[in-house]
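Visitor: Next come the chains, spelled out residue by residue.
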Amino acid sequence: MWFLAIRHLVARKRQTLFTLLGIIFGATAFIVISGFFSGFQNFLITQLLDNDAHLKIFAKEDLVTEHSLDQYFFKDAEHVFWISPPGGKKDLASITDPQGWYRRLKSDPRVIAYSPHFTSQILVTRAKASVSGRLIGVDPHLQTKVTNIENYMEMGRFTDIGSGGNRVVVGDDFLGKVGAHYGETILISNGISQPKPFKVVGVFHTGMKPIDGSSVYGGLVDAQKMNGTPDVINEIAVRVTDTDEAKFMAEDWRQSSHEKIESWDETNANFLSVFKIQNATRYMMIAVILIVAGFGIYNILNMVVNQKRKDIAILRSMGFETSEIISLFLIQGLILGIVGAFSGMVFGFLICLYLETIRFGGGPLGGAGFLRISYAPVIYIQALVLSVACSSFASFLPARAAGRMQPIEIIRAGAD
Amino acid sequence: MSIEVSNVKKLFGNPAVEVLKGISFKIDNGKFVSLTGKSGSGKSTLLYIMSSLDAPTEGSIKIDGEDVYKLSQKDLHQFRNRKMGFVFQFHYLLPEITCLENVLMPTMKTGQMKEYEKPAKDLLALFGLKDKFDRLPRQLSGGEQQRVAIARAMIMRPKYLFADEPTGNLDSANGELVMKILKSANSSFGATVVMVTHDPDFAAQATSQVFLLDGKVSGIR
Ligand SMILES: Nc1ncnc2c1ncn2[C@@H]1O[C@H](COP(=O)(O)OP(=O)(O)OP(=O)(O)O)[C@@H](O)[C@H]1O
Ligand SMILES: [Mg+2]
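Line order of the protein sequences matches chains A and B. For the first sequence, the residue numbers in the working numbering are 1 to 416. For the second sequence, the residue numbers in the working numbering are 1001 to 1221.
Because the hints were derived from the structure by calculation, they are not lab data. Some hints could be false.
As the list claims (entries may be wrong) - In silico BS3-like cross-links for lysine-lysine, where the CA-CA straight-line distance does not exceed 27 Å: (1) A:K310 <-> B:K1114; (2) B:K1009 <-> B:K1083; (3) A:K310 <-> B:K1074; (4) B:K1114 <-> B:K1132; (5) A:K310 <-> B:K1132; (6) B:K1083 <-> B:K1118; (7) B:K1026 <-> A:K310.
The structure displayed is predicted, hence computed values, not measured ones.
Please take these sequences and the hints and turn them into a complete structure.
Guide: Have a look at this one:
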């Protein structure tokens, strides 16, 4: 029936073209919308994974309560009454058994590397202005194994921090706020101690505002010293082989430790939930487009089937079966679907290529420079499958109606 | 071998009107039969019933000894494709394809378009349409279209040809031509022809005549 189906399509050039436009539009929109959203999301996720540890082990911040001190005072007393009960944070949260953690991380095959941190809130002062940030004390050689921060250095090298000696690597936004430059010295205090001078030996730019605007990396020893707590660490950053596994590893470790453990997707749950909403919106848009295109095919084929009642009767009288009549119309839908899908894929691809040249800056996460578009084959396969499925389904109903027509009714109707 | 019509009744509508009131006769193969009667006497109804297109309310049609309304769908369609040809008063051709392709449509079902191309051309040439193979139906006159439709009905050399007023819409010259063609199908490859007509002259050219009156056979000659 291919021969006749094609002739039908060619004979109704204008209708064919309009139906085709609907499908092309649908497929194009699918490619562009999907490419745009997944490109954007992939880019952000890559950046997240590049610049931050996949898993973080934090010291738990314990709060002092009325009963925290009971055991130290009255070993046998049942009740302790305070006139003014103690409260607030314990002076220092620290990981109690770092050596135990190191052993555990070393022996876990899912762990690529880990890096102990001592992180503290800091104030950087300059003249009368002060900027708050976070000083992350690291061993630079371990840290570069855990994140790809080396790739985001604008000036200097991350390892220039060395193993001590008051050298820091600073996010570019933070440095801007402070008003200092690469190579200069800035004054850092933890808010309690006297400010100490640190030399800026490197500047990085990850494109993520929260990181670039507040992070200061320094030597582990320097950070500990500034806080007056040598040998204490309060964070371990971990890189794993499979980022999808991180969640489950965190869950695992939580069962058997005192520390607070967060995987990258838990840390960034806000972002990721935005992605979910984006994806839902995207699927809804695409569904609407496909439904509209599907209705286009359905309407036109329904009309055609009605116009072709006599043809159907004649074909039946020549011995063409129900299935052959159905295939006559189904093939038309299929041809429209396939041709439309492929043209839509080409158009979508071209539009994506164009979109990639558009500059794009700002946003909460900082500029990526250009729009990131995904060309994942799965998007194109989905577009093809959806368009073809949608057009076959839309043409199936009219085709089935055509297959059900009995020749006699139509021949008789023609004679009236 | 024959077409056997036995006690065929047909009721239409609600309340039911009996249009055919018990018709029985037999047409031997190789005959050219005309079916005549007043308008509304049930000629078309009977022809459609005889030709497998419309089931009777009662009674049976046996062609080559087989009850056509008891055939499976598959066999019925094969039967129509191989052994039957239809010519309607409205000589409907498929408008998107050329004359030659229209004639070849029945062969498409069996995938024999190529083999039948030459016979189809010969047939059209025989019907005086030698230079019109590649025309679309709407580029032909009514008489020419009717001849193409007959060529289509004859391409498979069917054993049975059913025609409902094939000359009804034609002038006398074209009518004569169509008659000649139908008679030649009957004589050249022995098709059994059943033709409904109003024209007494054409009816008289048949080898047998069946007269209908108010849904009953009023005479056979
Ligand atoms: N589908 C139908 N429903 C109801 N009545 C019908 C139907 N088809 C035919 N009839 C009636 O059956 C009778 C016979 O119709 P038929 O078409 O067989 O007549 P005919 O002999 O071919 O007439 P004509 O010479 O005008 O073509 C008519 O009275 C017609 O109104
Ligand atoms: Mg009639």
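Visitor: The structure should be examined with respect to each hint, and the outcome stated for every one.
Guide: Status of each hint after checking the structure:
Distance hint between A:K310 and B:K1114 is fulfilled; the C-alpha atoms sit about 26 Å from each other, no more than 27 Å. A C-alpha spacing of about 25 Å is found between B:K1009 and B:K1083, which places the hinted pair at or below 27 Å, so the restraint holds. Taking the CA atoms of A:K310 and B:K1074, the gap is about 21 Å. The hint holds against a cut of 27 Å. At roughly 19 Å between alpha-carbon atoms, B:K1114 and B:K1132 fall within 27 Å of each other, so this suggested pair holds.
This hinted pair checks out: A:K310 and B:K1132 have alpha carbons roughly 23 Å apart, not beyond 27 Å. For the given pair, B:K1083 sits about 20 Å from B:K1118 by alpha-carbon distance, which is consistent with the 27 Å threshold. Of the pairs offered as hints, the one joining B:K1026 and A:K310 is violated, with about 31 Å between alpha carbons and a cut-off of 27 Å exceeded.
Checked against the numbered hints listed earlier, the structure breaks hint 7 alone; every other hint is satisfied.
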